[in-house]
Amino acid sequence: MKRTVEEHQQAVLGLLRYSSAFTDRPAESLPLPLARGRVLAEDLHSPVSLPPFDNSQMDGYAVHRDDLAGAELLRLTVAPPVPAGAEPAGLEPGYAAPIMTGAMIPEGAAAVVPIERAVPSQFPSAAQYRDGELLTVELPVVEEGLFIRSAGSDLSEGSLALEAGSLLGPGQLGLIAACGLEAVPVRPRFLVLLLSTGDEVQEPGGILAPGRIFDANTTLLTTALEEAGVEVQRHRVVADDPQELRRALQDIGRPVNLILSTGGISQGAYEVVKQALADSSVEFLSVSMQPGGPQAIGTINGVPFLGFPGNPVSALVSFEMFLRPALGAVTGIPGNRVCLPARLTEDVQSPENKHQVRRGLYTDRSGQGEGIGDVTLLGGPGSHLLHSLAASNALVHLPVGTGALEAGTPVSVWLLSELRGGVQPLHPSNPNREALT
Numbered sequence: 000m001k002r003t004v005e006e007h008q009q010a011v012l013g014l015l016r017y018s019s020a021f022t023d024r025p026a027e028s029l030p031l032p033l034a035r036g037r038v039l040a041e042d043l044h045s046p047v048s049l050p051p052f053d054n055s056q057m058d059g060y061a062v063h064r065d066d067l068a069g070a071e072l073l074r075l076t077v078a079p080p081v082p083a084g085a086e087p088a089g090l091e092p093g094y095a096a097p098i099m100t101g102a103m104i105p106e107g108a109a110a111v112v113p114i115e116r117a118v119p120s121q122f123p124s125a126a127q128y129r130d131g132e133l134l135t136v137e138l139p140v141v142e143e144g145l146f147i148r149s150a151g152s153d154l155s156e157g158s159l160a161l162e163a164g165s166l167l168g169p170g171q172l173g174l175i176a177a178c179g180l181e182a183v184p185v186r187p188r189f190l191v192l193l194l195s196t197g198d199e200v201q202e203p204g205g206i207l208a209p210g211r212i213f214d215a216n217t218t219l220l221t222t223a224l225e226e227a228g229v230e231v232q233r234h235r236v237v238a239d240d241p242q243e244l245r246r247a248l249q250d251i252g253r254p255v256n257l258i259l260s261t262g263g264i265s266q267g268a269y270e271v272v273k274q275a276l277a278d279s280s281v282e283f284l285s286v287s288m289q290p291g292g293p294q295a296i297g298t299i300n301g302v303p304f305l306g307f308p309g310n311p312v313s314a315l316v317s318f319e320m321f322l323r324p325a326l327g328a329v330t331g332i333p334g335n336r337v338c339l340p341a342r343l344t345e346d347v348q349s350p351e352n353k354h355q356v357r358r359g360l361y362t363d364r365s366g367q368g369e370g371i372g373d374v375t376l377l378g379g380p381g382s383h384l385l386h387s388l389a390a391s392n393a394l395v396h397l398p399v400g401t402g403a404l405e406a407g408t409p410v411s412v413w414l415l416s417e418l419r420g421g422v423q424p425l426h427p428s429n430p431n432r433e434a435l436t
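Position 22, counted from 1, in the sequence shown is what numbering that gives the first Met the number 0 calls 21; the numbers after and before it change by one each time, with no gaps.
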């Protein structure tokens, strides 16, 4: 079976939406410092008004409403000062109270005149107050309500502060703290069981045995999944033994939302995942993409399953193309890569019947007065070139039908070094296409 990139993206999205365990797991309450990057589980209504009382927006003088109806220039007696954090006495007509930013507006006051507009333009000193001088200040008449932040002007008590599904970042958590809450209900993390397969794969550490390679995929995909807001349950490397893999899949401890494997799904003689799941509903197919053509998708005992190729670059490209955007749509944690146009710095050849994804180094030229950056390809199209992947900051998309491109041709790139919430990636084969929803 052969699929286009777009068809497999939609299939993966549909598979993840099938994961009922994610929606059935209860919300958890987390202290605010631990809730960053999580998703709000339910609508949050404010138990208080913000601000909770009328307060001053400026350092200045609080003026009684009766005095605002007087002459253009007011000469008022200075009342005791109103510091922030104190409950002031009421203000009488004919008096002006020195008031600090954020301090509660005294009863009877209807405006704040900034200290810069007062004569004298500085507050009385503590010594002047101690000496019992009868202090006066000249102030202009201002409109009622000037520089007063009314109680509830930001958020009224009982109103909706944040909707369920809101991603909790600094602004959202700051709002929750301002509402007086020390903990917040969040959705459970999407849980992925990750396992790598292969007789040749050896855990990092120790001396590499002849014919073996260290396992890069587990670390690579764990990091990528956690960056996307996912909780990862790592499994030891599984040998090329179908019985052992079947036992590993049956021995899943806690409920998971997705099983993700790498390796064992291609056309070799010892494709362990294919052999172990031969009688299951899992499909083994080919996507018109390079690298990352072989893919597996289905369910195991009702749990969604994805199988990625074993080569590290293929595994990461598969994650970026198929799993990351679907995770963002399902969990509510934006994970879309920023898509930008860039000019090739060299000629490139791509198979016309495949969507080729190359690794590259993107250079921003906007600071030089240019509206488009440059991208230099690193390494070749091979799926084993992990070193060039590590040096890259972008994925370069050469869609089906591309063929040969000359240096200077614009292409679409996905930035790997930066994520911006709310920025939707453009589909590489159609720059006008909306992101997965």
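Hints are computed from structural coordinates only; laboratory data are not their basis.
Where is the CB? At the ideal position from N, CA and C, for every residue including glycine.
Some clues are possibly wrong.
[Stated by the list, open to error] Computed Cβ-Cβ distance ranges for the label pairs, DEER-style:
#: 1; residue 1: Glu-106; residue 2: Ser-158; range: 19 to 29 Å
#: 2; residue 1: Gly-370; residue 2: Ala-125; range: 24 to 34 Å
#: 3; residue 1: Asp-153; residue 2: Gly-13; range: 19 to 29 Å
#: 4; residue 1: Pro-32; residue 2: Lys-1; range: 43 to 53 Å
#: 5; residue 1: Val-140; residue 2: Pro-184; range: 25 to 35 Å
Results for each hint:
Checking the proposed 19 to 29 Å range against Glu-106 and Ser-158 shows it holds: the Cβ atoms sit about 25 Å from each other. A C-beta distance of roughly 59 Å is found between Gly-370 and Ala-125, which places it outside the suggested range of 24 to 34 Å. The hint said 19 to 29 Å for the Cβ distance between Asp-153 and Gly-13, and at roughly 41 Å that hint is violated. Between Pro-32 and Lys-1, the C-beta spacing of about 49 Å keeps the proposed range 43 to 53 Å intact.
About 50 Å separates the C-beta atoms of Val-140 and Pro-184, a value inconsistent with the hinted range of 25 to 35 Å.
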